[in-house]
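2 protein chains.
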Amino acid sequence: MGHDNVEFRSTITPDGQLRVQLEPVALPDPQAGQLLVKVEAAPINPSDLGLMFGAADMESLAMEGAVLTARVPEKAMPAMKARVGQSLPVGNEGAGTVIAAGPNQQHLIGKRVAMLGGAMYARLRLIDAADCLVLPEGASAEEGAALFINPLTALGFVETMRAEGHTAIVHAPAASNLGQMLLRICNADGIGLVNIVRSPAQAQMLRDQGARHVVDSSAGSFQTDLNEAIARTGATLCFDAIGGGELTSTVLNAMEQVLARSMSSYDRYGSPVLKQGYIYGGLDTGPSVLRRGFGFSWSVGGWLLFRVLERLGPDTVAQMHTRILAEMRTTFASQYNARITLEEALDPATAAAYFRKSTGTKYLLTPAG
Amino acid sequence: MGHDNVEFRSTITPDGQLRVQLEPVALPDPQAGQLLVKVEAAPINPSDLGLMFGAADMESLAMEGAVLTARVPEKAMPAMKARVGQSLPVGNEGAGTVIAAGPNQQHLIGKRVAMLGGAMYARLRLIDAADCLVLPEGASAEEGAALFINPLTALGFVETMRAEGHTAIVHAPAASNLGQMLLRICNADGIGLVNIVRSPAQAQMLRDQGARHVVDSSAGSFQTDLNEAIARTGATLCFDAIGGGELTSTVLNAMEQVLARSMSSYDRYGSPVLKQGYIYGGLDTGPSVLRRGFGFSWSVGGWLLFRVLERLGPDTVAQMHTRILAEMRTTFASQYNARITLEEALDPATAAAYFRKSTGTKYLLTPAG
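Just so you know, the sequences run in chain order A and B. Numbering (the working numbering) for the first sequence: 145 to 513. Numbering (the working numbering) for the second sequence: 145 to 513.
Keep in mind that the hints were calculated from the coordinates and are not lab data. Note that beta-carbon positions come from the ideal geometry of N, C-alpha and C, so glycine has one too. Hints should not be assumed to be uniformly reliable.
What the hints assert, rightly or not - Chain B regions said to be covered by chain A (calculated; three or more residues, Cβ under 8 Å):
# : region
1 : 292-300
2 : 412-421
3 : 447-461
Claimed, not checked - Covered stretches of chain A (in silico footprint by chain B; criterion: 3 or more residues with CB under 8 Å from a CB of chain B, positions within the stretch not fixed):
# : region
4 : 203-212
5 : 226-234
6 : 400-414
7 : 447-460
Just chain A, same shape as in the assembly:
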C-alpha cells in the first residue's frame, strides 16, 4: 500500500528552462528504522534557494499553468550541466508529526520530530529515524523546523575555531538568524565575536541582544571600526556567507594590520600568524576578490556543514545535538516573518520575495497547511 505524496521539485531542461512544480509521488510503507512524517514546517534557507532556482534569471519568473518557470542564461548552462533534466526534490530540513513507523519505531507514532535530509518541501517525508530528533512534548513544528542547518552551522564555526587553534571569530553578515545564534553561543561560551552588519538598524538589533563588537559596513568608519574590533578580540578566523566581492579580503587585511602592530621588525612576508577566511555561502555569487596585502600566512577556503561535521566526528556531532535540543527555545530559536504553503511558494511574486534573501526576512513553508 502506498502513501500519496506531493513533492516540490526543480528541473532545468536541456534548452535552458527552469521548471518548479508540485509533483505527485507515492511513498511505500516505512520499513524497519524508518518513519513516515507529515511535514508541518520547513524553513527556506539560502542553501535551499540554490537548488530551487539554480542559475535562473529571477527577472524572468512566470507561471505556465501550475509550473513556475524561468529562463537560465545560456552562459550559466555549463555550470548546470550535471543537473540538467533531473527532477530534484528541495528542502534540507523541517519538522512534522510521525504518522506511521517501521516495526521497531512504533512508539514514535504521534510524536513530533525535527528532520534533516532533503525533500522536506513535501506533504510527507519517509525518513530514517536516525536523521530525526524527537522534540520534547509540546514543542511546535515551527520551533522544530530549523534545528539542524543553522544550529549545527553556528556550533560548527565554534568547533572549527577550536580545532584549528583560533580564539575568536569574525562573522558576516551577522544579523541573520544564524548570526544571532552564533552571538548567543559566543556570549554563553565567552568567545570573542566580531559581528559585521550592513546597516545601523542591524547593528542596534545585535547590540540589544548583547553583542559587544558590532561593525557596520555601511559606515564611513568601517575600516577603522573593523581593525579595532579585531584588535580587541584577537580574531584570526572569519566566516563569510556573502562570498562574492571583497569582504573576506577586507577582513584578512584588517587582521594583518592588527598583527603588524605587535611585530618588532619589518617582515616583507607579513605576520607569520595564519589568517583564515572561510566562505560558507554565496549570497553574492560574483567573484571573490583578494587584495593580498596580508602577507603569506593566509588561507581562504570553502566551508560546507556536511563535510565539516564528517571531519569533526560523531561524538562531537552527538554533543551538538544534545545542546541544540536542550536550548531549542533560547540559543537556537529562529524567527520567521512569513509563512507560506507549497502552492504559494510557486507564485512568481512570492518566489521573488523569498529569493531576495535579505537579512531579517525569513520564510517558513507549511506543507501540511
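Following the hints, put chain B in place on chain A, whose structure we already have.
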C-alpha cells in the same frame, strides 16, 4: 679589527622616495660557528625584487649621484609603512669563498660555500656555518649561487603534495628556472606535473626537456588543454607564482570540471575532493580573482618557503640538502643570461631590465667582480 664591506641597501623615505645604494659597513671578525665569505655570485630572484624596490613606480627610476631612486605612489605607502626609514640589506642567497672563520671552523677557510640568509648583495658576508652548504671541490660560485631558494621551493612543492595527500601538481609559470627544476624532480620521481606556460616557445622548451603535460595559456585551446592535462594527471594541487588575476581560479575550476566527470549524481555543492591552490609569489601584485565554480571543497592560501620548511621539520630539510648537493649540476642547475656587478645593478636601465622578471631572463650578481 674590522673588515670593510659594502652592502646593497634599499630604503623608502617617509615622503615616498625609494633610495637604493651601496653602503659601506664594517664587519667584525668571525666568532665561533661563523664564517666570513667573499661573495662571488648571487642570483636576483623575484623574492629579492620585492624587497629591493617595494611598491616603487618603476617608470620613475633615476640616478641621484650614486643613488638609484624612484617614486613610491602615495596610495602604496600604507603597505610600506613597516619599512619606512629602514636601510634594508638585500639578497637571499649566494655563494663565495671563505676568507676567515671562527676558531672551530678554520678548516673551511678557502672552501667555496653556498649561503642562505639575506644581505648577500655585498662584497662580504659574515654568516653562521649552519646556514651554508660546503660545495664539492671544483664547484664554481655560479654553480653554488642558487642552491637554496629554487631547489628547496621545488622540493617543498613535492613534500607539500605528499604531506597533504595529493598525487600530482599544476605549476605556473612553468618555464622559469624553478619550473624547470620542478619538472626534473617530477620526472625523476614519477610525479604527474601540468606545466602552464605563456608562449609556444616556452612550451617547446619544456617539451624538449621531457615535459609530458604542457599547457600554453596564450593558446585558444587553453581551457580544453588544461582540463585534459588535469584529467590525465589527476592533479588537485596548484602552485601559482603569478598571484594576481584569475590563474588559480581557472585551475581550480578545471579540476572541478574534471572531478565532476566521475560523479555519479549531481551535487550542488560540487565534488567533495579538496582542490588546493597555493600562491607562492606575486609576479602580478594585483588582486586574485576567484570565480567560485568549484563547489565548496577548495582552499587557496599563501605558501612561503621558510614557513613551510619549519612545518616539514629538520629531518626532511636535511634530506633535501643532501639531494640538492648530490644533484647540483643536474636537477638543481640554474641558467643565467646576464652577469652584473653591484654597481651595474644600480643603473636605471639595467634595474628596469632585471625587474621585468620575464621568464627565461635570469640575472646573476657578481659582487666580487
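Evaluation of the provided hints:
no., hint, result
1, 292-300, "violated (count 0)"
2, 412-421, "holds (count 3)"
3, 447-461, "holds (count 4)"
4, 203-212, "violated (count 0)"
5, 226-234, "holds (count 4)"
6, 400-414, "holds (count 6)"
7, 447-460, "holds (count 4)"
When each numbered hint is compared with the structure, violations occur for hints 1, 4.
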